[in-house]
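A.B. asks: Each chain is listed here by its residues.
There are 2 protein chains.
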Amino acid sequence: MTDKERDGAVRLTVAGGYGRSIDVAKGQYVGIRDIEGGQCGDFWAIDADDFDHFFSPSHTWVHLGRIQPRVGDELVTNRRAPILTIIADDVGWHDMLVPACDQQRYERYYGVTGHRNCHDNFLEAMSKRDWGNRPVPQPFNLFMNTYVEPDGTMLIRDPISKTGDMILMIAEKSLIVVVSACPMDLNPVGGQGITDLEILVGDTKEAALRPKKKRADG
Amino acid sequence: MTDKERDGAVRLTVAGGYGRSIDVAKGQYVGIRDIEGGQCGDFWAIDADDFDHFFSPSHTWVHLGRIQPRVGDELVTNRRAPILTIIADDVGWHDMLVPACDQQRYERYYGVTGHRNCHDNFLEAMSKRDWGNRPVPQPFNLFMNTYVEPDGTMLIRDPISKTGDMILMIAEKSLIVVVSACPMDLNPVGGQGITDLEILVGDTKEAALRPKKKRADG
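Residue numbers (my numbering), protein chains in the order written: chain B, 1 to 218; chain R, 219 to 436.
Some clues are possibly wrong.
Said to hold, decoys possible - Far from chain R by the CB rule (all over 10 Å, computed), these chain B residues:
id, residue
1, Gly-8
2, Lys-26
3, Asp-102
4, Gly-193
As the list claims (entries may be wrong) - Output of the computed footprint for chain B on chain R, the stretches with three or more beta carbons under 8 Å from beta carbons of chain B:
id, stretch
5, 269-281
6, 284-293
7, 296-304
8, 307-320
9, 368-382
Worth flagging that the hints you see were computed from the coordinates, not collected in a lab. Here a beta-carbon is modelled for each residue, glycine too, at the ideal position from N, C-alpha and C.
Take these sequences, add in the hints, and give me the full structure.
C.D. replies: Right, dumping it as structure tokens:
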């Protein structure tokens with residue numbers, strides 16, 4: 001499944017509705033590409049040396065003074081340490097508010113049992129890495145389009161990411177990155193279909209920006 | 219410290235800068251009173267029968283479609299189960315975005331070591347209850363005045379709670395409630411002074427609304 005090419009970059013396809021993990025060394029670039037567009041990707045970054053230490057949206061909001069990160073922004077952990085910096089971003093608008101969808105989300109709100117979900121995708125992706133019974137951290141929901149109105153109303157809108165759109169970050173620590181191509185097909189998050197994502201890890205920005213997978217119909 | 223009075227209600231003073239925990243049975247009312255006004259209270263509600271199950275802001279946002287809860291709103295857990303319902307609220311605007319202040323907050327952002335903080339107040343308050351090494355959950359920051367602008371900017375504004383203002387909730391499960399009278403005195407959260415809060419627990423709304431502690435200068 002992994003494709004390590006002559007430039008040393010690793011390119012990994014995350015099948016729509018499923019999750020995968022990948023190692024990213026300190027100083028490496030990690031990109032997440034929305035191959036067809038409109039596909040939410042729940043993203044986690046875990047300190048490879050300490051699983052109790054991971055990227056945290058709420059600590060990042062205080063660090064940035066913003067709930068929406070921008071190019072150049074430093075993302076921080078639950079101990080307020082830098083963990084990733086955003087280098088490039090074709091979309092410029094993602095979500096950090098919504099928790100991973102889980103069995104209860106599908107059961108309580110849609111009456112559907114046994115649906116794939118990002119919570120369990122995270123645990124599956126980490127199952128061979130001794131994650132144990134730790135709770136699933138709050139994700140960074142790439143290519144997800146939420147909006148907070150002045151009165152506090154939170155809207156989940158249709159996604160705005162287009163074919164091939166990508167966000168590129170650099171790792172400030174050695175990490176395990178987990179990406180779940182969100183299986184939510186019952187509301188605007190993925191109402192237009194569940195498709196694949198691609199994770200790209202490289203030593204240079206150029207290598208990490210070079211996609212493996214072409215658009216399915218392209 | 220606990221004052222159980224003839225009406226059966228329990229009234230507990232939380233000293234400014236410190237934290238305390240209290241048991242709340244299913245169906246009981248729990249109120250948090252800002253005795254002098256302008257004092258942020260980090261609030262947690264833990265399932266008394268399962269410490270891995272607790273009130274979660276992010277799951278509540280999805281449940282309500284709002285990041286600001288209102289009177290009548292049901293707050294939910296990290297398993298999307300109802301845990302508290304808001305019965306009355308003198309302020310009507312609180313924060314659920316900001317994580318508990320911790321040692322790293324004071325050290326990295328203000329260069330202050332050894333400052334009291336809500337993260338450690340939670341652990342102190344739970345130290346006799348076998349919390350173990352679980353992470354500190356995201357709190358509900360009562361009487362804290364944050365605001366999200368349309369571009370995602372998060373502002374921490376001066377508090378708007380007045381002398382004696384209170385929020386009253388009813389427990390949908392048997393809970394341990396933890397409140398930390400936030401010691402943050404280095405930004406607008408508590409820039410006007412750190413003061414006491416009061417926790418009131420009663421079997422009736424009327425009992426839970428009756429304060430013990432008068433305003434310090436009143």
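A.B. asks: Kindly indicate which numbered hints from before are broken by the structure, ordering the numbers from low to high.
C.D. replies: Number 3 - this is the single hint that the structure violates.
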